[in-house]
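Residue numbers (UniProt numbering), protein chains in the order written: chain A, 1 to 366; chain B, 1 to 366.
Since the hints were derived computationally from the structure, they do not count as laboratory data.
Worth double-checking, as some hints may not be accurate.
Listed below are the simulated DMTMM-like cross-link pairs for lysine to aspartate or glutamate, each with C-alpha atoms no more than 20 Å apart in a straight line [what the hints assert, rightly or not]:
| # | chain 1 | residue 1 | chain 2 | residue 2 |
| --- | --- | --- | --- | --- |
| 1 | B | LYS336 | B | ASP291 |
| 2 | A | LYS336 | A | GLU326 |
| 3 | A | LYS42 | A | ASP316 |
| 4 | A | LYS336 | B | GLU104 |
| 5 | B | LYS336 | A | ASP304 |
| 6 | B | LYS42 | B | GLU275 |
All of these numbers come straight from a predicted model, not from anything done at the bench.
So the chains spell out like this:
Number of protein chains: 2
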Amino acid sequence: MSSDTTPDDAEARERLTDMAAEFYDQFADGDVPSMTLPTRSKSNIVFDEDAGVWVYGDRTSTRSANSVSGARKLLKSVYTIDFLAQQLDEDRSSTLRELYYLSESWGEEEAQFNNQSESDKLVEDLEIVSGVKREDFHMRPEESGAKVMGPLRIREQTNRGDREIHCQEDVGQGGYQIPNNPDTIEFLDHDTDFVLCVETGGMRDRLVENGFDDEYNALVVHLGGQPARATRRLTKRLHDELDLPVTVFTDGDPWSYRIFGSVSYGSIKSAHLSEYLATPDAQFIGIRPADIVEYDLPTDPLGDSDVNALESELEDPRFQSDFWTEQIELQLDIGKKAEQQALASRGLDFVTDTYLPERLDEMGVL
Amino acid sequence: MSSDTTPDDAEARERLTDMAAEFYDQFADGDVPSMTLPTRSKSNIVFDEDAGVWVYGDRTSTRSANSVSGARKLLKSVYTIDFLAQQLDEDRSSTLRELYYLSESWGEEEAQFNNQSESDKLVEDLEIVSGVKREDFHMRPEESGAKVMGPLRIREQTNRGDREIHCQEDVGQGGYQIPNNPDTIEFLDHDTDFVLCVETGGMRDRLVENGFDDEYNALVVHLGGQPARATRRLTKRLHDELDLPVTVFTDGDPWSYRIFGSVSYGSIKSAHLSEYLATPDAQFIGIRPADIVEYDLPTDPLGDSDVNALESELEDPRFQSDFWTEQIELQLDIGKKAEQQALASRGLDFVTDTYLPERLDEMGVL
Chain A
1 MSSDTTPDDA
11 EARERLTDMA
21 AEFYDQFADG
31 DVPSMTLPTR
41 SKSNIVFDED
51 AGVWVYGDRT
61 STRSANSVSG
71 ARKLLKSVYT
81 IDFLAQQLDE
91 DRSSTLRELY
101 YLSESWGEEE
111 AQFNNQSESD
121 KLVEDLEIVS
131 GVKREDFHMR
141 PEESGAKVMG
151 PLRIREQTNR
161 GDREIHCQED
171 VGQGGYQIPN
181 NPDTIEFLDH
191 DTDFVLCVET
201 GGMRDRLVEN
211 GFDDEYNALV
221 VHLGGQPARA
231 TRRLTKRLHD
241 ELDLPVTVFT
251 DGDPWSYRIF
261 GSVSYGSIKS
271 AHLSEYLATP
281 DAQFIGIRPA
291 DIVEYDLPTD
301 PLGDSDVNAL
311 ESELEDPRFQ
321 SDFWTEQIEL
331 QLDIGKKAEQ
341 QALASRGLDF
351 VTDTYLPERL
361 DEMGVL
Chain B
1 MSSDTTPDDA
11 EARERLTDMA
21 AEFYDQFADG
31 DVPSMTLPTR
41 SKSNIVFDED
51 AGVWVYGDRT
61 STRSANSVSG
71 ARKLLKSVYT
81 IDFLAQQLDE
91 DRSSTLRELY
101 YLSESWGEEE
111 AQFNNQSESD
121 KLVEDLEIVS
131 GVKREDFHMR
141 PEESGAKVMG
151 PLRIREQTNR
161 GDREIHCQED
171 VGQGGYQIPN
181 NPDTIEFLDH
191 DTDFVLCVET
201 GGMRDRLVEN
211 GFDDEYNALV
221 VHLGGQPARA
231 TRRLTKRLHD
241 ELDLPVTVFT
251 DGDPWSYRIF
261 GSVSYGSIKS
271 AHLSEYLATP
281 DAQFIGIRPA
291 DIVEYDLPTD
301 PLGDSDVNAL
311 ESELEDPRFQ
321 SDFWTEQIEL
331 QLDIGKKAEQ
341 QALASRGLDF
351 VTDTYLPERL
361 DEMGVL
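Based on the sequences and whatever the hints tell you, model everything.
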């Protein structure tokens, strides 16, 4: 699935119904209907060194109607394809959870889902086989995207008309709320030098209050912990389409490094979407273990689960650079972690007056 | 603390420094400095039948410098008052977490906080004694407010100037993001008949996609689980200042009834703020246990913790009406719970075409 593939509704609908047509043809030819897709287990995830993202490997599994459970899976696929095609016809959308509940209204009881993880997985399978993202089937994610503040003017296509919004001048202190499907956004013009993704709401508010976005022409994107799919997609588009450097500012602990990893390299769960969601050129600002030492930040001791997570990151292909090995080993050595707001121990303006300008300069971003 | 008390910065500063001045006077009079405040334990929370909210009772505790730990508490209070007064002078703001970290920069080591719960609690104490809300000390909550969509035009005072925003025409599909301090919002004009607070993001998106806000002149407020302080404050202001009915639409389980309870009656943790945050006239839409039966909704069985929570709600003064007793007993009887999105089992439009119009009509809101 290539990141610039955003099929229109008719094309998405066609790719969906092609799958159903294939079952039909298999029947017509006297074959047992089946569907082949990549094996979706951890053992079939490979790190694509060139693209710098996780993708599925070469192993495939076949789902065939030659067993009752296989036939039931294909039946559910056909019902789901029918629902999605109708949704596209009517220009409607729905969430994964609604699809699960909606299946209760299907006349054929065997086609109804037993639980939501079953319907979620089926939609992912359809994404993989059709090469169309679920957003293009008009399946909205349950979680909304984050907030954006910075010198960027966008046009969003909403279901009640287009809206032109400048992400500093036309929004309140809370910023612009990314819609569930950020592919409805068109970038109009901007005065942005780089994207700054921020993990916590408290730090996001600090940067906005101190006017960091304005002074440094930064587009501040609030990640809010593990970032939603919509946030990662928008970040990637800002990088690819506007050619903006992407930087990530998180707490200094192993869980936050994973947040950086999911922005930059993609996640195992959505490996078929890495090219659509991941920004391999994203750069890590900090908090780095070296910052804890250099700035003598207030810390908490590493717990057992922190140590385990750091050790598993040492083995993780996404963290195999000299930079990460050094930082992770240093952190294991000092046995401490720090939050980004710990920078406030040097005053409320230290982060915007000193820490970020110095670090971004070192990184070649400023 | 009355809900229409929004002191300006000078007044907030004065009430703070008055506290410090009192310590000074006590010293000057040869007395041991002390501070008296309501006892902040569950045993001293009473339900104010007239106002319909939780408030503190008559018991008080005195914090005196006649012990080392009492003296240390007063010292921390003085340092904190000094910081807050300076923050007001400079028209800055900060979060509770920043205050905790910032204390590490204070010259006097004895005044530094040992952990954030200590500094959080001290700020609450200062709110209670001074009668000024922490927002008026310019302490921002860590959590941001929710999203609003509906026929309302507001003016928000941001730190980069005023912004006029119509919460349908000037925002994307994601809506207007409530700022951390909603008292910076002025209501300009509106065409709103009622406020509809919605628990989940999926249902909020469904209502917006189906244009429910537009068709019924509803202001849709996304609660996002247990609502942030900013969301509850905004809801109360919409009710009090614009005289709008407030309705609450949640999942049908005991935890969601508590969400309704915190919107309408306030919470034990913030009993000193009930008059500022709670909307006792708020009405519960559902999902009601009776809806589970009437609409034959897809359900999950009640777990042990659900049953315990329901039983404790039967004893809770906030749920002592006939309506709630009947609903909770019915739920214990059927042993089931349902999510709001379970309404999708009757089609994606059932909630906006049938369920909400019928229920709101019954409730006298439409």
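Practice task
Find the hints from earlier in the document that the structure breaks and name them by number, from lowest to highest.
Solution key: Failing hint: just 5.
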